[in-house]
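Each chain, letter by letter, is given below.
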Amino acid sequence: MELNQREKIKSILFLSPAIICFVVFLLIPMLYTVYLSFFDWNMIRPEMDFVGLDNYIKIFTDETTYKVLRNTFSYIGIILITNFCIPFVFAFVCKFVLHKFANFYKTTMFMPGFISLIVGSVIFTWILNPIVGPVALFLKEFGVKMPVWSTTEGLVIVVISLITSWKSFGYNFIMLYSAVSGVSGEVIEAAQLDNIPLRKIFLQIVAPMTGFTSFYMFVMTIIQGLTYVISPIDVLTKGGPNYGSSNIVYAAYFKAFYMFDTGGAAAMAVITLVIFGFGLFLLNEVVGKLVYYEN
Amino acid sequence: MVLYPILFAMDNAMKTDQQVYAGLTGWLSNGISLHNYIDIYERVPLLRIIWNTFAISSINTFLTMLVSFLASYVLVYYRFKGSDKIVGLFVWSMFIPFTVTIIPHYLIVSKMQLVNTWMGVVIPQIFSGSAVFLLIQSMRNIPLSLIEVAKLENISDRKIMCHIVLPLVKPQLIATSIWFFALTWNDFIWPNRILKDTTSYTLPLILQSFISGEGGGGFTSAMAMSVITMIIPLILYLIFQKHIIETFTSAGIK
Amino acid sequence: MKIMKQIVPMAMAAVLAFGATGCGTTASSSTTTADGKVEIEYWHINSESFAGPTVTDIVKRFNESQDEIVVKEKYIGEYQSIMQNLQADAAVGTSPDLVQIGWSYKEYFGNNFAYTDPNELFAEYGTEETKNFIDDTYAESVQALAVLDSGEMLGMPYGMSIPMLFLNTDIFAEAGIAVEDLVTWWDVDAAARTIAENTDKYGLYIGESNYVWEMQQLIESNGARYITDGICSIYSPESVEAMELYAGLVHDGSALHVVIEEGRQAYLAGEVGIYMDSVAYTNITTTTTDFTEIMVAPGWEDEELQLPIGGNFLAVTSSTDEKKAATAEFLTWMLDAENMLQWNGVTGYIPPIKSAVGSEFMAENPVIQMAYDNLDSAVPWAAFPGNNGLQAEQILIAMRDEILSSGTPSEEAMKKAQEEINKMY
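Residue numbers (our numbering), protein chains in the order written: chain A, 1 to 295; chain B, 1 to 254; chain C, 1 to 425.
Don't take each hint at face value.
Computed cross-link-like contacts, PhoX-like style, restricted to lysine-lysine with a CA-CA straight-line distance of at most 20 angstroms [what the hints assert, rightly or not]: (1) K8/A with K85/B; (2) K242/B with K10/A; (3) K111/B with K10/A; (4) K67/A with K416/C.
Cβ-to-Cβ under 10 angstroms is the rule here; a few derived chain B residues that face chain C [as the list claims (entries may be wrong)]: (5) L7; (6) F8; (7) E42; (8) S110; (9) K111; (10) Q208.
The hints are simulated quantities; they were obtained by calculation from the structure and are not laboratory data. Being a predicted model, the structure only gives us computed values, none of them experimental. Cβ atoms here follow ideal geometry from the backbone N, Cα and C, with glycine treated the same way.
So here's chain A without its partners, still in its complex pose:
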């Protein structure tokens, strides 16, 4: 669509604040971080020592990096299940099976989305206290001793993921519910008439037909999840035990603000960006093909 002169000016005018902010506060900082990653600096000393790829080498030769990477994948896996798969299934069930409760669930589940995660983490520290918290006491009634999750590798990731899912479940549920609603009811009915089991309806009809939104939610869940997880980690374990609850996003944060290793943190952040970008790209390719074929 060709624009006349006046429209051109308008479009530049209106777009400019957004573009300026984007460039100044997103693009340039990103580039600066990349630049920082080649130095050894702690933000105080006036001289920044150029160390080339040293920061990266240090990260890649450090054992804990690999542990942190593995944790990241664990987090992603668990978060996808609790914040993506389960809401998705639940949305499907709510829409096509249990119509009545949908609104109630939508309303209440979205509430934690409006509560600060710091508040949530503090409250959960007490609720999930393995010795004296309400959950522990409840389990004691049944003779079950609550495991000390905060210092148990593996379990700590699960519990922290669950805390963040308390916050995100509602939002994800609503988005996925709406995506599911977009699938035409007729197709579902037709499938039901053909006696196709619900499970198959979900997996092979509904899921692919929600195409773009599902993809968006899938990616958002991962990114948001890894970012949200930072609060509980910081309040509860600071990355412990033995880096058992740390992931690449937290590791960069920790390096910057606890170790004052600006260069190392920048390198970590760049690596994170690269991994995310690559993952996004892969995902796009894979899912893109799936969605295309279904149509």
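We have chain A; now place chains B and C onto it with these hints.
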């Protein structure tokens, strides 16, 4: 299960530490006691802090919505060469982890001498890929025919924008605003970098001082503080609930 | 809704204009206030529940007592937050005037920030009476804590704490143990096991903060040393022995291994018999519980007791002469017995000043007196030299968790940690 933590905090905020540790469970078993809240009020400049939080959230929301609205309008209705690429770029920006930008943001804000000010907190956050995304989605839901008719009748662009598009996306605009308001209200990491003394703090920051600390924090005070922090966004949510859920719901229908 | 449409944008615009003028904020870059007073900034870790109001009071009274200087006190967070903020400020060229620096950051601070040696400060800016303020106020041994290897004095010891054991006398009674029985860590070991066997409570919890202070007490009291001649020497038979005792208790369920907040909550709720933490917890434990008795953390049989000092020291980071002089004067106020002890009473930290000895305050605070009596065994918090100190501490924390969580034998984990740390030097 979702409500439990909220009720838990409210309940414990009305007890004393001794009671909690001695095992006093049971909802409201100490009666409704506001002593923790009074205590907090006396110890910290609470009203000031609430005002700070409110102001920062409002300013940020307003500016972000303004910038995003203008940008989305242009991107949806003035399709020029490359506008799709810009949309893609903006959407992609949603996926950038904050760790990549936080240090440079701090350096920029301090060079601008905006440390410890509201604008210092707000300015780096004005651009929001997700706000643009949500607004674009809602604008696309408006039938194009409406706009075309208006153009044929030679209604000025400004009028189209303000009197046709704006009212039609108002529910989504409101909902997105509330969402952002809450997001900014609850933000911790970035304000923590920028705001330095207690009189300029926001609620999550002062909450932190009740939790951590060398001498340990008072548990019930922390709970009371948590309730104070939670309440306003929750109230906003409950009021605008319908709009909010509708907006996010329709954003999902591609 | 129609009215809303008009009011809301107007309200928004008003708030926006308000905000744009930076109204309602404070920029802390001026040296003098409008009426010509010198303004200095004091950063501290005293939160609302940890003597925050006391600091506010001390500062307020100072400001009211004279008209040349105005002190602004700011609660920053934990010791680590103070370092973060110092660093952030330094990046843009500003700094506060007086700062509480955690002992574990002594080396890092000394190597990276500008400060004024207190002796020089008073020599140059002190009045006739305060020229020798440091020597007048502090005993030699206390001063030595804040001195770098190079001989320079970094600051003034302010908050001093040592590890203590908090005992739940109810649990002890139930388990049939007497408090007096606890003399060495071996006794603690036996007691913890007894408690775990005879009651359904935990015997021991050693505070697991994000520092290695508690572990230092345990290990070094057995003769091991974190650092010898500037390199890490943690791997030794003595430290393995100490660690194994601890690990043994954790692995058989007699001792608790949780993050610090949960552990504290557990003790306060009466589920732990013996709890090791800083003397700064005296107030919280004694006001929240009625079963607490306190003793100094014990040593081992034949070795010398080592009590690492926690807490902080005050560093002068002013940049101008005017501010340095003002800070010096404020310091004389802060370290004056009355004000100092007021702070100590609420925090539980041991008073570092000479004038506290034998004072009424000590008589009224037996726990602090007890801690004070043991200052002969006080040693500095082990701080690894240079810029890698913080990283070294993290390695030790990871080591602790590896031994306690994953069950790696102490021998192996400690050897690995030592190698890793020394690799950095």
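Query raised in the report: Does L7/B pass the interface check with chain C, least Cβ-Cβ distance below 10 angstroms?
Result: violated, 19 angstroms
Requested in this report: Grab the minimum C-beta distance from K111/B to chain C and call the hint holds if it beats 10 angstroms, violated otherwise.
Outcome: holds, 7 angstroms
Query raised in the report: Given the hinted pair K242/B and K10/A, is their alpha-carbon gap at most 20 angstroms?
Result: Violated - the C-alpha atoms of K10/A and K242/B are around 34 angstroms apart, more than 20 angstroms.
Query raised in the report: Quick one, is the S110/B hint okay against chain C at 10 angstroms, beta carbons?
Result: Since the shortest Cβ distance to chain C is 4 angstroms, the answer is holds.
Query raised in the report: Within 20 angstroms, alpha carbon to alpha carbon, are K67/A and K416/C?
Result: holds, 16 angstroms
Query raised in the report: Does F8/B meet its interface restraint, that is, does its C-beta lie within less than 10 angstroms of any C-beta in chain C?
Result: violated, 14 angstroms
Query raised in the report: Close enough to count: is the Cβ of E42/B nearer than 10 angstroms to one in chain C?
Result: holds, 9 angstroms
Query - Pair hint K8/A and K85/B, alpha-carbon separation not exceeding 20 angstroms - result: holds, 17 angstroms
Query raised in the report: Taking only the CA atoms, is the gap from K111/B to K10/A under or equal to 20 angstroms?
Result: violated, 32 angstroms
Requested in this report: Could you check if Q208/B really has its C-beta closer than 10 angstroms to a C-beta on chain C?
Outcome: Constraint on Q208/B satisfied, holds at 7 angstroms.
Checked against the numbered hints given earlier, the structure breaks hints 2, 3, 5, 6 and satisfies all the rest.
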